[in-house]
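Asks: Produce the entire structure from the sequences given, and follow the hints as far as they go.
Sequence lines, in order, name chains A and B. With my numbering, the residue at position 243 of the first sequence is 243, and numbering never jumps. Going from the second sequence to my numbering is simple: count from 1 and add 395.
Worth flagging that the hints you see were computed from the coordinates, not collected in a lab. Hints are not guaranteed to be accurate.
[What the hints assert, rightly or not] Restricting the straight-line Cα-Cα distance to at most 30 angstroms, the calculated cross-link-like pairs of lysine-lysine (DSS-like) are:
| id | chain 1 | residue 1 | chain 2 | residue 2 |
| --- | --- | --- | --- | --- |
| 1 | B | 513 | A | 381 |
| 2 | A | 18 | A | 382 |
| 3 | A | 385 | B | 495 |
| 4 | B | 472 | B | 428 |
| 5 | A | 381 | B | 428 |
| 6 | B | 495 | A | 382 |
| 7 | B | 472 | A | 381 |
| 8 | B | 532 | B | 513 |
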Amino acid sequence: MSILESLELALKNIVSSKTRTLLTMLGIIIGVAAVIIIVGLGNGLEGYVTDSFSDLGTDTLTVSVMSRGATRTIDVEDMYGIVEENSQYLDLCSPTAGMMGSVKIGSDTTSTSVSGVSEDYLAIKNYTISKGRNLQYSDILQRSRVCVVGAYVDQAYYGGSAVGQTLRVGGTSLTIVGVIEQQSESLEEGGADDCLFLPYSTASRLSGQISSFVVTVRSEDTLNESKTALENALYSFFESDDFYTVTSMAQMLETMTSMINILVCVLAGIAAISLVVGGIGIMNIMLVSVTERTREIGIRKSLGAKERYIMQQFVIEAAATSALGGVIGILLGYILSSAASVVITRAMETTLTVAPTLGAVLLAFGISVGIGVLFGYLPAKKAAKLNPIDALRYD
Amino acid sequence: MRALIEFQQVCKYYHMGDSTVTAADHISFQISKGEFVAIVGSSGSGKSTCMNIIGCLDVPSEGTYLLDGRDVGQMNKNKLAEIRNELLGFIFQQYNLLPKLNLLENVEVPLMYAGVGKAERRRRAMESLERVGLEDKWKHRPNQLSGGQQQRASIARALVGRPAVILADEPTGALDSRTGREVLALLQDLHAAGNTVVLITHDNSIAVQAQRIIRLEDGRVVYDGPSDAPEAVVIPRAARAKGGAAL
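Replies: Given below as structure tokens:
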């Protein structure tokens with residue numbers, strides 16, 4: 001008796017008791033669908049985060065200086081010197097000075113983010129100027145009271161004609177010399193386009209502290225070497241590694257991605273529990289089925305079925321039930337994933353899509369078949385071991 | 396001529412809790428190829444035990460059972476399954492057809508376990524159904540047929556593997572007397588065509604249809620001879636003591 005004949009027999013049995021089979025498969029269906037949706041959601045999330053980070057630039061390193069006002073600190077000239085020395089790895093550099101004071105435009109006080117930067121900052125961030133001009137080296141040198149603003153500030157407060165206007169930061173009047181091209185899809189308060197950049201030299205005179213530096217690398221391929229070179233240079237400058245940290249966007253992306261992956265694994269693990277529960281359901285029904293079909297087993301044995309044929313028949317039936325559940329679960333998972341994508345996109349105005357991967361689908365299917373075989377084994381063993389005389393007498 | 400079935404001092408014990416029941420007590424007989432033998436006995440006489448051992452569903456506790464010269468007592472379960480498939484054709488009181496399969500598929504089952512290919516299986520199963528006159532009912536499920544037809548289908552199934560022995564366990568037990576006679580006539584036809592038929596029954600009137608009767612009582616052989624001898628149908632001693640109601 002071949003595997004194919006066993007499969008044919010199994011399918012006949014499955015078809016002949018549809019309701020029971022469907023109920024048996026339910027655990028597997030739910031488990032597989034849940035795993036597919038969760039893994040798909042994780043993928044979507046990962047893609048979303050990757051996109052967002054690559055906007056920020058994965059070729060940049062950020063040096064945070066920790067000990068403001070402590071005995072040792074690094075000034076802008078020293079930092080430029082370090083970048084110069086390691087010019088085979090490092091390219092552009094800009095300090096960023098965080099500002100506390102609020103921005104006043106006319107009589108409005110805004111929550112616009114303010115940073116003191118160098119003339120290279122916009123290039124580092126891949127921002128382009130849509131109107132007016134960028135900050136210039138001369139602005140830095142002269143500590144000019146100028147600034148460039150994001151598209152939101154331009155549109156919301158000046159109706160698109162911000163260049164040449166003035167605003168006040170921490171009581172100091174600044175002239176807007178340029179507007180940055182729109183970054184995010186929609187302009188909103190507190191968004192990426194609600195920003196203001198002024199020369200770091202001006203900022204440090206206005207109470208802004210230089211808290212970090214942004215450095216770009218020559219090539220993303222040598223990101224790790226570049227980071228090491230920068231760290232070594234900083235170490236020899238500070239003679240300690242307590243005063244600075246170097247982080248790369250690429251590394252942060254990796255960290256985020258691995259965190260998302262861990263989260264997805266945990267959630268998928270929880271979903272997988274229902275696969276196990278489903279498997280136990282299959283085992284339960286198969287045990288009942290063995291009892292119900294005791295007489296059939298007796299007849300088959302009397303006609304010459306060896307233990308392994310009986311075993312094969314029941315294992316294949318369990319595996320087929322489970323695999324069928326897996327297929328239905330995969331379809332359900334796809335349908336629900338598409339639905340979730342639509343809902344998430346509508347509700348949260350993001351481009352997050354729930355994208356099931358082929359790997360997850362194959363894995364889910366493989367696991368469901370495996371569960372069928374695993375949990376079908378015990379009932380099949382029971383069936384195979386039945387004594388034909390007792391089985392024939394069974395009513 | 397070598398015996399097809401040979402019982403040599405076969406004993407079978409069952410353990411029921413602390414006590415041991417002797418179901419077969421040193422039974423010896425031989426059945427040759429082409430014979431039509433009835434094994435008769437009342438309930439508890441050991442005829443079911445005999446039938447299980449002959450049918451290779453069970454093995455003797457003691458003694459030797461040779462089927463076609465092979466010592467069945469020494470075989471493992473898989474080997475026994477093979478022997479059942481190859482050498483034995485079963486006919487049961489309750490027909491024991493598989494309810495989810497049609498007649499043709501039912502008749503095919505022994506061939507499936509013998510590893511016969513699909514086309515060949517179909518052909519031989521159909522032949523077998525023709526032999527019992529059910530060829531036009533091959534598509535029917537067992538529950539769409541009368542008892543007599545189901546029993547004929549089960550005979551077709553028993554024949555399909557061309558077994559050395561056809562083992563019929565109370566084949567008329569669930570049938571009315573007319574269809575019972577038809578089934579017996581079919582068995583006699585099979586015997587006339589050269590098959591070896593062993594009939595297990597409690598009913599003397601059925602048993603006398605065979606050539607030879609082996610009567611069992613309390614696990615022992617009390618008569619072994621031609622069915623037309625007057626002693627063949629004599630009321631068993633034990634039953635006579637109870638008032639002769641057994642007949």
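Asks: Taking the hints in turn, state whether each one holds.
Replies: Status of the hints after comparison with the structure:
1. B:513 to A:381: 27 angstroms, holds
2. A:18 to A:382: 24 angstroms, holds
3. A:385 to B:495: Status holds; Cα separation ~23 angstroms.
4. B:472 to B:428: 25 angstroms, holds
5. A:381 to B:428: Between residue 381 (chain A) and residue 428 (chain B) the Cα gap is close to 38 angstroms, so the pair fails against 30 angstroms, i.e. violated.
6. B:495 to A:382: It holds: about 22 angstroms lies between the C-alpha atoms, which stays within 30 angstroms.
7. B:472 to A:381: 14 angstroms, holds
8. B:532 to B:513: 20 angstroms, holds
Of the hints listed earlier, the one the structure fails to meet is number 5.
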